[in-house]
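Residue numbers (this note's numbering), protein chains in the order written: chain A, 1 to 470; chain B, 1 to 318.
The hints are simulated quantities; they were obtained by calculation from the structure and are not laboratory data. C-beta: ideal position from N, C-alpha, C; glycine also. Zero decoy hints are in this set.
Here are the simulated DSBU-like pairs of lysine-lysine, each with C-alpha atoms no more than 30 Å apart in a straight line:
id : chain 1 : residue 1 : chain 2 : residue 2
1  : A       : K25       : B       : K7
2  : A       : K438      : B       : K4
3  : A       : K438      : B       : K15
4  : B       : K124      : B       : K153
5  : B       : K12       : A       : K271
6  : B       : K12       : A       : K191
7  : B       : K4        : A       : K191
8  : A       : K198      : B       : K12
9  : A       : K198      : B       : K32
10 : A       : K198      : B       : K15
11 : B       : K7        : A       : K185
12 : B       : K7        : A       : K191
13 : A       : K185      : B       : K4
14 : B       : K12       : A       : K185
15 : A       : K198      : B       : K3
16 : A       : K25       : B       : K15
17 : A       : K438      : B       : K12
18 : A       : K424      : B       : K12
19 : B       : K4        : A       : K198
20 : A       : K185      : B       : K3
21 : A       : K25       : B       : K3
22 : A       : K424      : B       : K15
23 : B       : K265      : B       : K104
24 : A       : K425      : B       : K15
25 : B       : K3        : A       : K191
26 : B       : K3        : A       : K438
27 : B       : K195      : A       : K388
28 : A       : K191      : B       : K15
29 : A       : K191      : B       : K158
Label-pair ranges, simulated between beta-carbon atoms:
id : chain 1 : residue 1 : chain 2 : residue 2 : range
30 : A       : N224      : B       : F13       : 40 to 50 Å
31 : B       : I17       : A       : T430      : 20 to 30 Å
32 : A       : S51       : B       : N218      : 30 to 40 Å
33 : B       : K4        : A       : G446      : 20 to 30 Å
34 : A       : D265      : B       : L182      : 53 to 63 Å
35 : B       : L182      : A       : F21       : 51 to 61 Å
36 : B       : K4        : A       : T176      : 30 to 40 Å
37 : A       : V358      : B       : I174      : 27 to 37 Å
38 : A       : R28       : B       : E213      : 43 to 53 Å
39 : A       : I362      : B       : I174      : 23 to 33 Å
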Amino acid sequence: MLFNSLDFFIFLFLVFIGYWFVVYKNLRLQNVLLLVASYVFYGWWDWRFLSLIALSTIIDYTAGFRIYESNEKSIKKRWLWVSIVFNLGMLGFFKYYNFFIDSWIDLFASVGYELQSTWTLQIILPVGISFYTFQTLSYSIDIYKEKLQPTKDFIAFAAFVSFFPQLVAGPIERATNLVPQFLNKRTFTYKTFSYGIKLMIWGFFLKLVVADRAAIYVNAVYNNTENHDGLSFIAATVLFAFQIYGDFAGYSLIAIGTSKLFGFDLMTNFKRPYLSASVSEFWTRWHISLSTWFRDYLYIPLGGNRVAKSRWLFNLFITFLISGLWHGANWTFVVWGALNGLYLILEVLLFKKRRQGVFNVILTFVLTNFAWIFFRANSIEDAFFIIKRICTVPGRLYIGSGDDITASLYATLAIVILILVELKKEYFNTMFSISNHKYEFVRLTGYAVLIYMIMYFGVFGKSQFIYFQF
Amino acid sequence: MIKKEYKTSVIKFGKFIVIFLIADFTLGIISKRLFFSQETGKYARSTYAIQETDAKVLIFGSSHAHRHYVPEVIEKELQTSCYNAGAEGQQLLYHVALQKMIVKRIKPELIILNIDEDFLYHSKEAYDRLSDLHPYYSEYRDDLEPILGLQSKLMDFKLFFNGYQANSTIMHVIRYYALPQLDYKGYRPLFGKVKPSNNIKEEVQSKIEKGVEDIDQNFVTALHTFIATAKDNNIDLVFVTSPTYLTVDHTTNASFIRIKAITEKENIPFVDFFNDQQFTGKPMLFHDSSHLNDDGAKLFTKNLADQIKKFKPHHDNN
Chain A
1 MLFNSLDFFI FLFLVFIGYW FVVYKNLRLQ NVLLLVASYV FYGWWDWRFL SLIALSTIID
61 YTAGFRIYES NEKSIKKRWL WVSIVFNLGM LGFFKYYNFF IDSWIDLFAS VGYELQSTWT
121 LQIILPVGIS FYTFQTLSYS IDIYKEKLQP TKDFIAFAAF VSFFPQLVAG PIERATNLVP
181 QFLNKRTFTY KTFSYGIKLM IWGFFLKLVV ADRAAIYVNA VYNNTENHDG LSFIAATVLF
241 AFQIYGDFAG YSLIAIGTSK LFGFDLMTNF KRPYLSASVS EFWTRWHISL STWFRDYLYI
301 PLGGNRVAKS RWLFNLFITF LISGLWHGAN WTFVVWGALN GLYLILEVLL FKKRRQGVFN
361 VILTFVLTNF AWIFFRANSI EDAFFIIKRI CTVPGRLYIG SGDDITASLY ATLAIVILIL
421 VELKKEYFNT MFSISNHKYE FVRLTGYAVL IYMIMYFGVF GKSQFIYFQF
Chain B
1 MIKKEYKTSV IKFGKFIVIF LIADFTLGII SKRLFFSQET GKYARSTYAI QETDAKVLIF
61 GSSHAHRHYV PEVIEKELQT SCYNAGAEGQ QLLYHVALQK MIVKRIKPEL IILNIDEDFL
121 YHSKEAYDRL SDLHPYYSEY RDDLEPILGL QSKLMDFKLF FNGYQANSTI MHVIRYYALP
181 QLDYKGYRPL FGKVKPSNNI KEEVQSKIEK GVEDIDQNFV TALHTFIATA KDNNIDLVFV
241 TSPTYLTVDH TTNASFIRIK AITEKENIPF VDFFNDQQFT GKPMLFHDSS HLNDDGAKLF
301 TKNLADQIKK FKPHHDNN
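Required output: the full structure, derived from the provided sequences and hints.
Next comes the structure, spelled out in C-alpha cells:
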C-alpha cells in the first residue's frame, strides 16, 4: 500500500479509530491491531513475502532470547550469527544473487571467457527487505552487546518488526528506541496528534509536489541520454538531488507523522542536508537512521577513528562502499558509495577545521550532485557518458515537450518553496512561523492552503517511492 | 483526561476541515476562473469545442486529428463550417467524453473520427490523461462520471475538491498567456520534412506485435458509445485513418481488425489512408514518421473532403 494513495487514507482512518476508540484500554490488543494492520499494509503489495517478515520475526525473537539467556560466550555468538546469517542471507539472496552472478559472468567475459548465464533466477525483490532486516539485526546485536534485554512479548516484538509506518522505507529504527515503546502504554494527546498531521502534510508536499514533479524532467533526460547535452544533464542532476530528497525525506516525514498518530516517536531521518558545509556534515543530516546504523554496527566495530590513520581512512571507505551496495544491486550504487567514501577521506586529509560558510555549502552541494549522477544513471556507462557530456558538450537546455515543460516549472516553484522553508528553519527557526503562530486561525489556514497546494500542484499517479526499490 | 484530548482533537480537526473547505472553495473559484479565461492552448481549444463552437463538421482524434485535418480546407471543399477538436495524446475515452459534452449543446451534421490503429490496445496513458477533463467535472458531472470513474473508483470523492479538479492547470494558464499558441480553428500545422531513419521502422513494427489479449474492453465500449451517441443525435459519422510515412502491415493488428469489424457492423463509412501511395514514402509531406506536415495535411484533407463528397453529396450542395 502506498502512502500516496486513497487506499492508505481509508486504511489509516480505520486503524486509527480502532486503535484509539475500540481497543485503547488494552495495550496488548493495541499491539495486535498494529500487527494485523502492518501485515495488511504489506500484504496489499504482495502477501507472499509476508512469510519473510514472519520468519525474520521468529528467528530474531528466538535468537534474542538465546543470546540473553546463555551464559556461554560461544553460544551467544552462535545465535548472533544465526540472526546475522539469516537476515543478511535473505537480503543477499533476494537482492544481490543475480547481481553477483551477472558480475562474475561479465568479469570472465572481460578476460575472454564467455560463460552461459544459466545460474540467474527470476527473483522479485521484496519491498523494504533492506530496511526490516537491518532493523531486526539491530535487535539481536544490541542484545548481544547487552544494550537491550529481549522482550518476552512476542506480539510486541512482531509489531516492532513490521510496524507499518516505517516498514518499507524506514526510518530504520533501533530496537532500543522502538521496542520499549511497544511495551509501554501510549497516551493520546492533541499536541502529538496535530504534530503528526503537520509532519504528514509537509511530507506529502515533498513527495507529490517536489519529488514527483522533478521526476518528470529527470526521467525524460536520464532515460534518453543519447538525445541530451551537458546543460540538460546539469539541470536534471540538480532536479534529481531535490527529487530524491523530496521522495525520501517526504516518506520519512509521513512515516514519523503516522507513527505519532499512534503515540510512537521515530527518529529524525533528514535534517536539511543540502545546507551542509561539508560531506561529513551531509552524512549527519542525510538518511540519519542508516548512517548511524552503519556507524554503530560496521564503522565502530571496524575500529572507527580510534585506530591508525590509514586504518581509519580504510574504515571510512569500506563503510561507504557497503552503504552504496546496500542501496542497490548495481555498480552505479557501488561507485556512488565509493565516491562519498573518497570525499570523506579527502576531507580528513585536507581540512583540519570544521568547514562553514556559503562557499562550502555550495561546494558540498556540487560534490553531492556529482555523486548523484552515478546514483541516478541507468548504468555506469551512462554515468560516464553524462559526465563527459557535461564537460565537453554544454549544448542546449532541454525544456521539455508538451506537459514536460510545465512539469519542470512546477518542480522549480516547489523547490524554491522548499529552499525558503529550509533556510527559515535553519537560520530563523523562531521567526515567521506558521506552524507555531500564536493565532490558531493562522496555523490552520496555513496548513489548509498547503493541502490545497498539494492538490493543485501535486502529481497524483500513485508513483512509487524511490527507496522502495532498496 | 484522555476524553478531553479526544474532544479537543475532534473540535480542532473539525475547525481545520471547515477552514480547508473554505480555502478549497475560494481558491478553487480563482483557479477555475483562470482556467476558463485561457484563450489559446490545449485547454482553450477543448473549452471552445465544448462551450462555443457551432461548427457543422467536427474532427475528433489524437495528435493525428489535431495535426492532419485543416478545417479551412473542409469548409472550402464542403461549403460548411468546421472545427478541429483533436487533442494531442488523447485516446478514445477522452473523445467519448468530449463528444458527450459537445452534443449536449449542439448537434453537428458530421463527426470525423481519426482512427489510430492501436486505439483499442490497453494504454495506461489513456487513463492518466483523462485528468485533462477534471476541470469540466463540476459542470458535466453526469457525462464525465462513467468515464472518469474508470481512472479510480473514488474519483467522485477526489473531484469533490476544487484543488484536485484544477490540478496542474496554472502553469498552462501562465504559459499560454506569456506565449499564446496559435491555431487555425483547432488545427496546428507542423512544418519541416521527416528524416528517414532505421529506428522508425522498428517503432512502427513494435506497435503491431500486440495481440487480442492486449485489447482493453473499456476502449471497445468507448468506441461503441461514441457511435451510439452520434446515432442517437442524428449525427453522421465517418472514421478515417491518416497516412503514415512507412508502409505498415495492419493485417495482424488485432486492434485495427476489431475497429474495422465494428465499423462494418455499425455501417459507418471508413476512409482508409493507411499505405496510400500518394503519401507513403514521401518525406516532403511528413513532419515525422507518423505526422503529416502542413503541405501533407492540406493534401490529405482535400482528398478526404473529396471522399466525403462521394458518400455525403448533400455536404457539397450546402
